[in-house]
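J.: Here's the letter readout for the chains.
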Amino acid sequence: MAHPWIPAANERDRRIMLERIGVKDPIELYSDVPKKLMLSEPPRVGLGKPLSEEEVRTHVDKLLARNRVFRDPPPFIGGTVCPHYVPAVVDAIISRAEFYTAYTPYQPEINQGLLQALFEYQSLMADLLEMDVVNASMYDMSTALAEAILMSLRVTHKHRVLVPASMNPEHYEVVKTWVSGKNVEIVRIPVERETGRLNIERLEEELRKGDVAAVYVENPSFLGVIEDRVNEINEIVHQSGALLIVGVDVTSLGLMRAPGSYGADIVVAEGQPLGLGLNYGGPYLGIFAVRWDRKLVRQMPGRLVGMTRTVDGERAFTLILQTREQHIRREKATSNITTNEALMAIAAVVYTSLLGRKGFERLSREILVRSNYLAMKLRSIGLKAPVYPKARIYKNVPVAFPGDYGVVHRKLLEKGIMGGLQLAKYPLISDVFDVELSRVALFCATEVHSKKHIDMLVDAIHEAIEG
Amino acid sequence: MAHPWIPAANERDRRIMLERIGVKDPIELYSDVPKKLMLSEPPRVGLGKPLSEEEVRTHVDKLLARNRVFRDPPPFIGGTVCPHYVPAVVDAIISRAEFYTAYTPYQPEINQGLLQALFEYQSLMADLLEMDVVNASMYDMSTALAEAILMSLRVTHKHRVLVPASMNPEHYEVVKTWVSGKNVEIVRIPVERETGRLNIERLEEELRKGDVAAVYVENPSFLGVIEDRVNEINEIVHQSGALLIVGVDVTSLGLMRAPGSYGADIVVAEGQPLGLGLNYGGPYLGIFAVRWDRKLVRQMPGRLVGMTRTVDGERAFTLILQTREQHIRREKATSNITTNEALMAIAAVVYTSLLGRKGFERLSREILVRSNYLAMKLRSIGLKAPVYPKARIYKNVPVAFPGDYGVVHRKLLEKGIMGGLQLAKYPLISDVFDVELSRVALFCATEVHSKKHIDMLVDAIHEAIEG
Amino acid sequence: WPEPLIYELGGEGRRGAILPYESELEELEALIGGSSRLLPENMVRRELLLPELSEVEVVRHYTRLSQMAYGVDLGPVPLGSCTMKYNPKISEEISRDPRVRLLHPLQDEETVQGILEILYHLEKWLAEITGMERCSLVPPAGAAGELAGALMIRKYHIDRGEQRDEMLVPDSAHGTNPASAAMAGFRVVRIPTGPHGTVDIEALRAALSPRTAGLMLTNPNTLGIFEDKILEIADIVHEAGGLLYYDGANLNAIMGLVRPGDMGFDIVHLNLHKTFAAPHGGGGPGAGPVCAKGELVDYLPRPLIEYDGRKYYWDYRCEKCIGRIRAYYGNIIPLLKAYIYIAMMSGEGLREAAIQSVINTNYFIALMRGVKGYELPYDPSRPRKHELVISAKPLARETGVTAEDVAKALLDRGLHAPTIYFPLIVDEALMIEFTESETREYIEEYARALREIAETAYRDPKLVKKAPQNTSVKRVDNVYANRPTSVTPTYRVYKRRLSGEKLVL
Amino acid sequence: WPEPLIYELGGEGRRGAILPYESELEELEALIGGSSRLLPENMVRRELLLPELSEVEVVRHYTRLSQMAYGVDLGPVPLGSCTMKYNPKISEEISRDPRVRLLHPLQDEETVQGILEILYHLEKWLAEITGMERCSLVPPAGAAGELAGALMIRKYHIDRGEQRDEMLVPDSAHGTNPASAAMAGFRVVRIPTGPHGTVDIEALRAALSPRTAGLMLTNPNTLGIFEDKILEIADIVHEAGGLLYYDGANLNAIMGLVRPGDMGFDIVHLNLHKTFAAPHGGGGPGAGPVCAKGELVDYLPRPLIEYDGRKYYWDYRCEKCIGRIRAYYGNIIPLLKAYIYIAMMSGEGLREAAIQSVINTNYFIALMRGVKGYELPYDPSRPRKHELVISAKPLARETGVTAEDVAKALLDRGLHAPTIYFPLIVDEALMIEFTESETREYIEEYARALREIAETAYRDPKLVKKAPQNTSVKRVDNVYANRPTSVTPTYRVYKRRLSGEKLVL
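Sequence lines, in order, name chains H, S, F and A. All residue numbers for the first sequence refer to the working numbering, where the first residue is 1 and numbers rise by one. All residue numbers for the second sequence refer to the working numbering, where the first residue is 1 and numbers rise by one. All residue numbers for the third sequence refer to the working numbering, where the first residue is 1 and numbers rise by one. All residue numbers for the fourth sequence refer to the working numbering, where the first residue is 1 and numbers rise by one.
For the record, the hints were derived by calculation from the structure and aren't laboratory data. A few of these clues could be false.
[To be verified] Restricting the straight-line Cα-Cα distance to at most 27 angstroms, the calculated cross-link-like pairs of lysine-lysine (DSS-like) are: (1) 209(S) with 158(S); (2) 320(A) with 425(S); (3) 332(S) with 452(H); (4) 35(S) with 451(H).
[Said to hold, decoys possible] Just so you have them, the derived chain F footprint on chain H, three or more residues with Cβ under 8 angstroms: (5) 40-50; (6) 235-241; (7) 276-284.
Every residue, glycine too, gets a C-beta built ideally from N, C-alpha and C.
Taking the hints into account, I'd like the entire structure generated from these sequences.
T.: Take a look at the structure:
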């Protein structure tokens, strides 16, 4: 009784309310529940008794003290998710109660601010990607890709999807799960051993077999490799009648061509670098865009905010094309997604606004230069960095070690350095390297890795290998 | 150039603006400054170069890692400032940008929210203290008391002020400083060695000497002693024509009589316990109240918010009685205070609203019981707790040790316990105890000290003494 | 004051953020011998259309936009089926801790024991509350949990060598149920609602067949009515070889009192951003753990959180499992908030919250009894649980004022509209869920407002149809918003139209 | 929607917070043998009039009130003399760190070395910026720093055996200067402003005497004009045996470019909540360090922060010092924010900020040139610094529309009013300070608004006098607010009046 979060749970309110309802004991309101289903006592959950705020603070504080934060230097774990700079403004804005305690803005008249922020998110992402239509968010890149592939099946009515063998193995597994209810074959296209790029011959070969709904390419790839034959890929994919799905590292777009410029039908990306933080894996943000094409837009999953006008002709914003969604179309919907990552989309638009044109160009340059500096330093101590000798890399550097990287990793950890991603975790991708997987690690260097941090890492690796 | 906090510091804006002004170089705008005064280069401040957000985060993180936080158990340091529970809601509200980035609400039409919140602060404090007028805040209790004494001089035109010898020695020093420009004598009234209460005979003696502007009493005192002869004090002080200034521990007012009920003309209190946190000494909040009396209110320092109406007759709030203030009255002002602790006043009103009647009663009871439990436990290991054998205590317990407390304190610290306040810091008050000051420490127990914490402390003290 | 678009703010050359070590860049470029050759020539971007603003401008823009949004911290959001309860500030405070925020998902497990311990206990608690054995915390939202559940059902039958491709879904179900079933490859069979507002058992029996994979149900259902024949339903479906899937959207009414597992459900998903007080974020992030019992445990998406008596770890082993439903481990921040909520409520608190949510609903129903213009369809004497659905059909019939008009008129009084036109089986539906977070006074105000709107409608229906008038913008033109020639999903499309292109969708 | 008072919300029996270990209380009471005897009988409180609300209600009430407030994060606050610059969010983030918030001021110094190191460097930086030797960080606001400074001057002269009880203060000075001097026991002697808007040197000479304790000055002064004869002024005052006190309120225009110490000032106070970007908090907390050089260092209030090469510590030694100005060490949180600001700006950044603030002022003046109704008093051709004061005297004379009316009309356009009727030496004064945080577009908009308001005034003065119309409330009745029979400083007074008492002040 008298709980801070349950205002009416007090004697007076209870009495007034129960009297009006006409019951003595609130349990009478459960009279339609079969007796045997009613629990005789509350479930044993929580910590033995209700904790007060101060108690839960102390309790969680003790637990979190068992986590180890790598801040100086930040982790070098590479892949789709890397440490990035989170401006303080981003947290300040998404901590605004009006935003974070709002529901999906079904009532546009009282939620113009939320709708406009989401419209701006869609718009800035559209400009970054050079795509015309961006939805209001998916859960993360893995599920955005899964939805893109499901969408390609609906649009093309074909049954094969080609993906790069070098893609993020976690994303691959997610895709496999999401399409498992459909009649579809996912085919992995190998990468060139020299350049790390997609093997175009093998791609063409698979396309020739026909029935291809979509080809998925990454740029830069999960392994950091820049794909420069995008025009060729565009051409051959579209000649085959398949859709081209591009997975892009958004941070690269300050310097690198946007996927809209090389024919992408659908673009997916991980929004995590855009001011979201690491969050031990989530929440993140799935960026999802399509070309201006009736068929594509109508088959697109997820919510869309549009710019419109009021009955008085003033500019206004509202949810649009809702007839695609599950609450109207039910089993015919383009997706089951309702709750998405709206607040993370707001974080991303605040981040992108803060950087602006100049800042975004700078971001790409910082990452390009730092990751190539890391690669050079690693080569200088005799490592194969990147593994693909002729690859041009961005952010991520796949590195081959003379022996088991796991040993090196543990030595780094002892020195307070969280090293690269141990690719041995992912047996699936043992076919993308000539060296054993246990010898390969994926490192990243971003704008949060200073020269000192990188030098510190390389020195520590050197010591670990020599020592 | 192009600094995030200086929007127009970019080439284009600069050019447009300087052209319109009609100067080539902005330094021309300093042409009236004597040449020899212009620095040839920027001052060497900061850390060698401008730090980015991420750099300053890492830098400060390293520095703060050198602080040691006592959380479980919280510090037992007694006195005016003790650890107290800070509801998460308080920080959430005072982190609202509209509040913390606002100026003093001189324009009532656009700041009704801020004004209403401050009016509510004044009103809730008035109800707690049973005083009719509360100002919108002073810096802290020490300066509130200094201002109260200065005010008593203005109101009575007398020159002596009587204060308890047991008062917070830091407050005493602050008062001495603030009145040092005035012709006034501060007289310390001793406390009874048995009960810790004010020595009423000595008080009467000093009052009989005449020329007394004010008598200051504390309840409970700095040393935790409850003063129960408030009716007698009220009578003899007012018979002498002096003002009665009461310093009160607000947390006690859920159970203890309010100073308005025993004749206080002016009340001062430290608002720190009301959800402000420890903050290594500040910001805190000086609560300042006076009786409904024209002379007192007109001589009161600080800003006041009043409830009024608009020209349309709607309820509204605005700053009132501003003619007392320095921006209008200049050297005739009641005080020089302008910037106060408005945001802390909002914290206090949010805190007090959250607790409400029942919660506030509970707060007082928690502290009363826990501090008396602490005293009992300390007695059980043979210590004099409280030092005054017949004192009734609240929150603070002055404890006499068999030897130098400093030695015990260091042993506690080794065990992760921040012990009591070493009164040896304050030679001034050596006259309030029969034992040597080095043997006395002031401990507090509040609602944040669990039984386990208190037992842990007492066990550790026991071990330290025995060992 | 209308707020400009971000594109209409700022100016050339402004910047709102400095990156961490910008001052090093030249040195690094020199060390690697210049950066020009790092990018393939044909991959160099020529144009980047982003606005340029200072930090001050960005802060003001989004602070002002936030003031034009509406959430639970400003007032009640009594949307039926959404369980918009209060989001404790303590959860926000704790979840800002850098010892969560700065953890990389692929850090070595020994460096994340604290968060793993939290997740471990959270799973146990959720299993206990639902009466299930294990939960996967990975699904990032309820719909993802549903998809996982549907795929589990699918794989379960396949592994048993059965061809079961039909999923039964009541006509009152949330749209996500059929959508998820369809995504998992099922054909959806609709089960009608009977006259008492519960599943029509005869129709259910008739729909069952050797192709039946399972039944997706929420209980209490979207009408707020408890499916009192649930044990019978479970028996029937199980006997027919189907599985029972529980949609946790409406758990708030019964948590701590009744468990889906005891009702016979095999799989349950939860919405932590509804029932367990994690904020909804204007649309997300959420968290939608999926739980199972018996054989179905093996099918849960991986990884699961485990403890070997010494350390906590992720178990990726997957013999029968459906695979992975999202990269990494789900939305950790809402999961942490649910942990805090349950720790602070404990079993008694959850029960208390459920009971109060039901009292609130039935108090409102009591206040609405006899108010002209509205009716409570399906057995009005029966108590509702977390929510209720009233119909404005009499009002619409007699005055022309529809449920949507009523919703907009509520906005005009500073009250948030309920969910409207759902469930589809009720005409002119107003679906209202107060949750336990609302005060008695507010419920009374809501009832009073509905009564007064109806009174106005009977007096002057046009007046109601003009609403809202007091909101920051007038009624939004939905037709224009969706017309192929004017639909505008991004500023890019707007600019292209401005420049003369004919863009038609 | 008007927001009720907190007293008008909630209901009997509700609670908004649970204290930490409430469940232990009964056990503890039993252990100490009951709690009834702990309080003296005659000290027991009989009645406590506080409202009772749930957490939800409290959060909503104050969130809604916050939306009815206006700060720099919503838009510019160009109040002259207030230096309302942008408050960086990073400072808010960092200063929430529990490793600051949870430190008790009387913890052993070895346990607070981190914060002490920060304060140590901050002091050094402030001394460098002002050209002083040492600073005391203790004063919690500018006025407290001023009081400290005035007391230092007083004690300095007393220690030298001189009877100097007159403080010279220009008539354009902030009200705090004379008020602080008076609190320190000085007689205030007003020095007139000369025709160029600077101190009238002849009048200054005439005012000097063996009783002169010092001169309190701000430079640039409140007209935004740099006292170009400052070196001469310093010489004259020093020769007469007086000291020079610098009011740091206007430092923003010259920081990093000119130092008060070099101008000849002996004591300086700073407002970190103005110049160094700590937020103003709706009135406070601030931080007003006081700095000194030469002999005056000994007089600074204690404690000072010191470093012995091994550890940082507070030095309480006080031979000549004035004592202590506040308990503990001042307002640590704003001090920390100033540290962060200076670390991020460094010397160049401070200089850049100063220059831009001056450009902004002079750009506005350029835009206002020739606008009918306003004039720039005192040497209009001379550049202003951080702020300017224009006079609406022509407008008032010709249309009856006063500076206050103009201020309210600005509010109506969503623009914050400037400081009005200050400094007192300018009739119908509008004192405007944009700071470096404002955009060119905003300055242009402000100039446009002032021009349009004047145009309207010449056309239809009554229209202007009706403002504000678009604000959340109409113009507030100040007469009623201050009338002895209706002045209402608390709800307690309101209730007493309601109950029939005649309360007159």
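J.: Look at each hint and say if it fits the structure.
T.: Consistency of the hints with the structure:
1. 209(S) with 158(S): holds (12 angstroms)
2. 320(A) with 425(S): holds (20 angstroms)
3. 332(S) with 452(H): With Cα atoms ~60 angstroms apart, residue 332(S) and residue 452(H) exceed 27 angstroms; violated.
4. 35(S) with 451(H): Roughly 42 angstroms separates the two Cα atoms, so the pair is violated.
5. 40-50: Contact hint for the stretch 40-50 of chain H vs chain F: holds, 10 residues under 8 angstroms.
6. 235-241: Three-residue rule not met by the stretch 235-241 of chain H, so violated; n is 0.
7. 276-284: Satisfied; 7 residues make the cut.
In terms of the numbered hints stated before, the structure departs from hints 3, 4 and 6, listed from lowest to highest.
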